[in-house]
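Participant: Protein chains in written order, with our numbering: chain A, 1 to 274; chain B, 1 to 318.
Just so you know, the hints here were simulated from the structure itself, not pulled from any lab data.
Please note that the accuracy of each hint is not assured.
As the list claims (entries may be wrong) - Here's a subset of chain B near chain A, in silico, CB distances under 7 Å, partners left out:
hint : residue
1    : L140
2    : I155
3    : V285
Stated by the list, open to error - Which bits of chain A does chain B cover? Going by a derived footprint, with three or more residues having C-beta under 8 Å, they are:
hint : segment
4    : 17-29
5    : 39-47
6    : 153-163
7    : 200-210
8    : 215-228
Everything numeric in this text was worked out from a predicted model, so none of it was measured.
Heads up, the beta-carbon is just placed ideally off N, CA and C, and yes, glycines get one too.
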Amino acid sequence: MNFLRLLRQSPLSARIGMAMVLINIIAAIFAPIICPYGETEVVADVWLTPNADNLLGTDHLGRDLFTRLVYGARNTITIAFITTMLSFIVGTIMGFFAATLGGWTDLSISRVVDILMAFPTLIFALMVLSVVGTGTAALIVVIALLDSTRVFRLSRAVAMDIAVMEFVEAARLRGERIWWLMRHEILPNAMPPLVAEFGLRFCFVFLFIASLSFLGLGIQPPTADWGGMVRENAGAITFGIMTPLFPAGAIAFLTVGVNLIVDWFLHIASGLKD
Amino acid sequence: MKGIFAIMIKRLALSLVTIFVISVLIFVGVEALPGDLAETILGQEATPETVAAFRKELKLDLPPHVRYFAWLGDLLKGDLGNSLANGRPIADLIGWRFGNTIFLAAAAAVVAVPVALILGMLAALYRNTLFDKTISMVTLSTISFPEFFVAYILIALLSVQIGLFPSISNINGQMAFSEKIYAIILPCLTLTLVVVAHMMRQTRAAIINILASPFIEMARLKGIKRFRVIVLHAFPNALSPVINVIALNLAYLVVGVVIVEVVFVYPGLGQLLVDSVAKRDIPVVQASGLIFAATYVSLNLLADILSIISNPRLRNPR
C-alpha cells in the first residue's frame, strides 16, 4: 500500500524511467514470443536496412537485428543483474561485518578495499581476464568482486551509523549473535540508501560488461549481447549503415531509464523538499 | 605547515605501497594461472622443446619470489622484457603508444576542464532554474551512454554524413602538430563529452555544498555584496574540492581512453593492452597494465596533495 502511494507521488522523469525499464524487462522475459526469428538464425542478406521482413534490418551475418536486440536484452540484463546481486551480497556482508565488529577486522578489510579501489577497474578486469580467459562465469565473478569494493564502502558507512544506535546496543546486550544483528537490526535500517546504490551499481556493471563485450572480451558470440553486437557491426557505420547504433542505443536507453529512477530515489533518500 | 607536510608524506608512502601491491597482484595473477602458462599459451601441439624454451624465456624455471624481484628490477631499469606474440622488446612497443595516449588525453583535458568548470559553476549559481535543469538532464543522459555509443554517433554525423573528420585516427611521428590535432578531433570530442558530464556534475555539487555552509550565510547576513561573497569567501574554499574533481577526472580520462582508442583505431597504449589481452600476450599485458595503474595512482596522489595544499583549513591549523 505504502509502495503504491509512493508510486503515485513519483515525478514525471521517474515515470518515464520506469516505462523505459519495463519495456526492457518485458522484452527480456518474452523474447521467444516477441521475436519473429531464432536468436542465431540467418534469415536474409548481410546488413540490410530496415524493411518489412526485418524491422531493424539485418546484422553482419544476415541475422534479424530486431530478434538479436530482444534476445540481447535477455542475455545482457540477466548477466548484469546476477553480477550486481553477487557484488551486493559480498559487499554488504563485508561492510556490515566491518562496521559491527570494528577494530582489527574493520581495519584489515578496509585496507584491502582501499588498494583494490586505487586500481582502475577496467585495467584490472582486462588483466584478470587475460589470465583466466574469457567466459561468462569468470566475467561475472571478476566484475562482482571488483564492484563489491564500492558496495563495501557504502554499506560500511551506513552500518557504522546504525551500529552505535541504542536498539543495536540492546540487542548486543541481549546476547544476540553477529548474524542476527546484521540481518534483523542493521539491514532493515540500511535499506533505502542500499536500494538507490543498487540502481547505480547496476548501471555501472551493465555499462562495464557492455564495454568489455565491445572490446571482444566479455560475453562471447554467438550469444546475442548488445556490446558484442556493436563490435560485430562496427564496420557498417563507414558505409553509412546505422546498424551498430541500434544495440548501442539500446544500452543507452536502459541506463538512462535506470538513472532516471535512481535520481528520484536519491532525492527521496536525501530528504530534500525541492 | 608541518601538519600538511606530514599528511603529504603519508599519502606518498601509501601510493608507493599501492603500486607495490599492484605489481605483486599482477605478478601473482600470472602465477595463479591454472595449469602451466607455457602449455596454455602454446597449445597442446607444442613440442617439449618449444615448451622448455618458452619456460626459460619467461624464467618459469626459477622460484616465484626470485622471479618477482628479477622482474621488478628489470622493470625499474626500463627493461620490460619481450613480447610473446612477436618477440620484440616491450619497451619499443609501449613507449610511443603511451605518448600517443597521453597526447589524446591531454587534448581532451584542455577542452574539457574549462568547459566543465564554467558550466558547473553557472549551474550551481543559478540552481533550480531552467538552465540548471536542462544541463542536469543532458549530463545525466550523457553519463548513461557508453563511450562507444557517443563515438559512433559522432562518426555517423560528422564523418559519414558530412565528411568533415576522419573516422579512423591514425597518427605517426612524421605528422605536423596541426595534422595530428585534425586526426584526433573525433576521439577527443568523444572523451570531452563524456568527461565534461561527470566533471560538471561534481563541480556543481561541490560548489552547492560550499554555498550551503554557515560561513557563507554569515557573510551574506553581514550585508556583503553577492559578488564579493563568491570571490572572497566561497572561491578559496571551493578550490580544494574543485581541484580534486579535476585531478580525479584526469585519472578517469587516462583510463577511459581505452575504449575510444579501440573505436577510432588510435595507436595508443589502450589499443595495445586490449589486443594483447585477446592474444594472451601476458608480458605486454603486465607491463601496460602496470603503466596504466601507475599513472592512475599518481594522478590520484596529485589530486590528494593539491587539495590538501589548497584547503585553507588544513593550511592554517588552529
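Participant: If a hint holds in the structure, say so; if it doesn't, say that too.
Facilitator: Against the structure, the hints:
With its C-beta approaching chain A no nearer than about 6 Å, B/L140 sits inside the 7 Å limit, and its interface hint holds. Evaluation of the B/I155 hint against chain A yields a held restraint, the C-beta minimum of about 6 Å falling below 7 Å. For the restraint placing B/V285 at the interface with chain A, the shortest Cβ-Cβ distance is roughly 5 Å, inside the 7 Å limit, so the hint holds. Closer than 8 Å: that is the beta-carbon criterion, and the segment 17-29 of chain A has 0 residues meeting it against chain B, so the requirement of 3 is violated.
Chain B is given as covering the segment 39-47 of chain A, and this is violated because 0 residues of the stretch bring a CB closer than 8 Å to a CB of that chain, at least three being needed. With 0 residues having a Cβ less than 8 Å from any Cβ of chain B, the segment 153-163 of chain A misses the three-residue criterion, and the hint is violated. By the rule of at least three residues with a Cβ nearer than 8 Å to a Cβ of chain B, the coverage given for the segment 200-210 of chain A holds, with 3 such residues. Coverage of the segment 215-228 of chain A by chain B holds [criterion: at least 3 residues with CB-CB distance below 8 Å; count 4].
The structure does not agree with the numbered hints 4, 5 and 6 stated previously, though it agrees with the rest.
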